[in-house]
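2 protein chains.
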Amino acid sequence: MTTPVRTDRAETMQARDIAVNVPTVTVDDPVAKAVRVMAVSRLPGLVVVDARSRPWAVLAGTQVLRLAVPGAYQEDPALVRTVDEDHADVFWQELADRTVGDVSPSRPAKPVTVRADATLLEVAALMARQHSPLVAVVDDDGVLVGAVTLERLITSLAVFNADD
Amino acid sequence: MTTPVRTDRAETMQARDIAVNVPTVTVDDPVAKAVRVMAVSRLPGLVVVDARSRPWAVLAGTQVLRLAVPGAYQEDPALVRTVDEDHADVFWQELADRTVGDVSPSRPAKPVTVRADATLLEVAALMARQHSPLVAVVDDDGVLVGAVTLERLITSLAVFNADD
Numbered sequence: 001m002t003t004p005v006r007t008d009r010a011e012t013m014q015a016r017d018i019a020v021n022v023p024t025v026t027v028d029d030p031v032a033k034a035v036r037v038m039a040v041s042r043l044p045g046l047v048v049v050d051a052r053s054r055p056w057a058v059l060a061g062t063q064v065l066r067l068a069v070p071g072a073y074q075e076d077p078a079l080v081r082t083v084d085e086d087h088a089d090v091f092w093q094e095l096a097d098r099t100v101g102d103v104s105p106s107r108p109a110k111p112v113t114v115r116a117d118a119t120l121l122e123v124a125a126l127m128a129r130q131h132s133p134l135v136a137v138v139d140d141d142g143v144l145v146g147a148v149t150l151e152r153l154i155t156s157l158a159v160f161n162a163d164d
Numbered sequence: 001m002t003t004p005v006r007t008d009r010a011e012t013m014q015a016r017d018i019a020v021n022v023p024t025v026t027v028d029d030p031v032a033k034a035v036r037v038m039a040v041s042r043l044p045g046l047v048v049v050d051a052r053s054r055p056w057a058v059l060a061g062t063q064v065l066r067l068a069v070p071g072a073y074q075e076d077p078a079l080v081r082t083v084d085e086d087h088a089d090v091f092w093q094e095l096a097d098r099t100v101g102d103v104s105p106s107r108p109a110k111p112v113t114v115r116a117d118a119t120l121l122e123v124a125a126l127m128a129r130q131h132s133p134l135v136a137v138v139d140d141d142g143v144l145v146g147a148v149t150l151e152r153l154i155t156s157l158a159v160f161n162a163d164d
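Keeping their order, the protein sequence lines are chains A and B. Going by the UniProt record's numbering, the first sequence opens with residue 1, and the numbers climb by one from there. Going by the UniProt record's numbering, the second sequence opens with residue 1, and the numbers climb by one from there.
Check each hint, because a few of them may be wrong.
Same chains, same names: a pair is fine if it fits in one copy or spans any two.
[Claimed, not checked] Distance condition first, Cα-Cα at most 20 Å in a straight line; then the derived EDC-like pairs of lysine to aspartate or glutamate:
hint, residue 1, residue 2
1, Lys110, Asp86
2, Lys33, Glu151
3, Lys110, Asp141
4, Lys110, Asp76
5, Lys110, Glu75
6, Lys33, Asp97
7, Lys110, Asp140
8, Lys110, Glu94
9, Lys110, Asp50
10, Lys110, Asp139
11, Lys33, Asp50
12, Lys110, Asp17
Read the hints as simulated data drawn from the structure, not as lab findings.
Working from the sequences, and respecting the hints, build out all of it.
The following block contains the structure:
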């Protein structure tokens, strides 16, 4: 493994240049905390890490929401319509005390991660392929060093210079 | 755990109560504009409307990004790594001048919409099921009246009262 020397390519952005620090949760945290952490930080998803700060899963926002919506409601729109309105604001309380690990698949998909020196194209292609608006950035040991959000990626691309 | 006091159902929120006005695009708009509109408005997705302001598609943010990432890059991580870094920031220019209609499936999935009187549970279940962080709210004629974002949904739920 060689470390790229960047004399002439210094202006090309890499994942590390647009990554931000993000709060994380573990599989032992309650679902309600996971939902809150994501909302308070205005993140489009959430990184679940293991005890060594390595991403165990990178969840899109809708997957975090999914943790809080009882499965029967997700699958059956007709059932959802039978829930009276007084209960329809508090459905999430059914699962909020369970942990992220309790309600996650036992074998989550490979975490959506890139190395710190990934190009923006690599990040974009990964987001598009995995339908994930959040990508975890890891170091050589697989330890989380930050994350790239879809919003940050887009605003970092030259899209805004196209005809402005 | 405290349960909100609900003297009647007037206080139960519906989609209309948390919907926000969102900018839209049509199939004739360039992809670059679609990406910009989403980013400038800090939306997690985008509503594509027809000439009568009815949702034609509700795209998650990663689907909007997908419009701007040439298909070959999405499918082939090895190919992405061969793109030199100078080009890796401007890949999107290949497709930016094409229109949303040009690069969308000819038969998009049924738009992710709810009626204005949908409960928050209905909105949540739909987002979770369709993996869409944005839901369009329509009136009786199917005309767009607003949209609910995942962030707005979460902050509107009582999640924040659970143990704060």
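Within, between, both or neither, where Lys110 and Glu94 count as close if Cα-Cα is 20 Å or less: neither (28 Å within a copy, 30 Å between copies)
Please sort Lys110 with Asp141 into within, between, both or neither, judging by C-alpha distance up to 20 Å. Classified as within: same-chain Cα gap 16 Å, cross-chain 43 Å, threshold 20 Å.
Please sort Lys110 with Asp17 into within, between, both or neither, judging by C-alpha distance up to 20 Å. neither (24 Å within a copy, 38 Å between copies)
When no copy is named, should Lys110 and Asp76 be tagged within, between, both, or neither for a Cα gap of at most 20 Å? Between. Shortest inter-copy distance 17 Å satisfies the 20 Å Cα cut-off; intra-copy 28 Å does not.
Identical-chain pair category, Lys110 with Asp140, by Cα at 20 Å: Only inside one copy: Lys110 and Asp140 sit 17 Å apart there, 42 Å across copies, limit 20 Å.
Same-copy or cross-copy closeness of Lys110 to Asp139 [CA-CA at most 20 Å]: within (16 Å within a copy, 41 Å between copies)
Within, between, both or neither: Lys110, Asp86 at alpha-carbon 20 Å: Answer is neither; intra-copy 39 Å and inter-copy 29 Å both fail.
Indicate which option fits the pair Lys33, Glu151 if close means a Cα-Cα distance not exceeding 20 Å: within, between, both or neither. between (23 Å within a copy, 15 Å between copies)
At most 20 Å between alpha carbons: which applies to Lys33 and Asp97, within, between, both or neither? So Lys33 and Asp97 pass the 20 Å test inside one copy only (9 Å; across, 42 Å).
Reference check for the pair Lys33 and Asp50, CA-CA at most 20 Å: within, between, both, or neither? within (16 Å within a copy, 40 Å between copies)
Homomeric proximity label, Lys110 with Glu75: Cα distance no greater than 20 Å: between (24 Å within a copy, 17 Å between copies)
Have a look at Lys110 and Asp50 and pick one of within, between, both or neither, based on CA distance no larger than 20 Å. Cα proximity of Lys110 and Asp50: one copy only (13 Å, versus 38 Å across).
Hints 1, 8, 12 from the list above are not met by this structure, while the remaining hints are.
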